[in-house]
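Undergrad: So you can see what is in the structure, the chains are spelled out below.
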Amino acid sequence: MAPSGKNLGTTMDRQNRAAAAQRPQVTPANTTMAVIAPALGWLIPGAGHLVQKRWWRGLLLMISIVTMFVLGLLMQGKVYGFNTGDLLDMLGFVGDVGAGGLYIVTRALDGGQGAIHRAVADYGTKFIIVAGLLNIIAAVDAHHIALGKKA
Amino acid sequence: MVLELSHFSAALLFATFASIVFGITQRDNARDMVKYGLYCFSLFVGGVIVAGWAMWLLRR
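Protein chains in written order, with our numbering: chain A, 10 to 160; chain B, 692 to 751.
Since the hints were made in silico from the structure, they are not lab data.
Glycine included, each C-beta is placed from N, C-alpha and C at the ideal position.
Under 8 Å between C-beta atoms, here's a sample of chain B residues computed to sit facing chain A: (1) Val693; (2) Leu694; (3) Glu695; (4) Leu696; (5) Ala701; (6) Leu704; (7) Phe705; (8) Phe708; (9) Ala709; (10) Ile711; (11) Val712; (12) Ile715; (13) Thr716; (14) Asp719; (15) Asn720.
Required output: the full structure, derived from the provided sequences and hints.
TA: Dropping the structure here:
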């Protein structure tokens, strides 16, 4: 026998309540952390996880991203400026700026000038860009942990 | 100080660090993180070897 309109309504209510119970609770504390963690994670790679007491994850992310960025600089990779008028340079900038504090410090010290005559320097440029992009992924992950979407 | 790396060693370093970040960020528990990290690493390195042989064949 097909459920009547009333029975169908109560079944759906029960399902909605069950789904709501499984959803993480959003409290002012975790919404604050959901802003602080990614911002801190962007500025200092891995710090978004460390501030939420995910020590090993934060440490591994920090080591991986910082090492990748430094290796890129040691290979004489280029760090892109804000606007050189070239579309590919602007995309490079978007990747680089993802490294947050590393990018700011490198630019302040006038590092990452690049050596275009060396093939290894081009790898270095890619290492720096990818370090920035990986840091953005790590910052988004810190945001998800703060919201309770991830353990 | 200038670092001189071969293509392959640069690719191995890239694969290692990218796989660590992918493993940690894309999975929920430690066991799955390690498994996914190793999976990404094998795909990175496997891709490099396949692409290397493909370029060698194209050059002949």
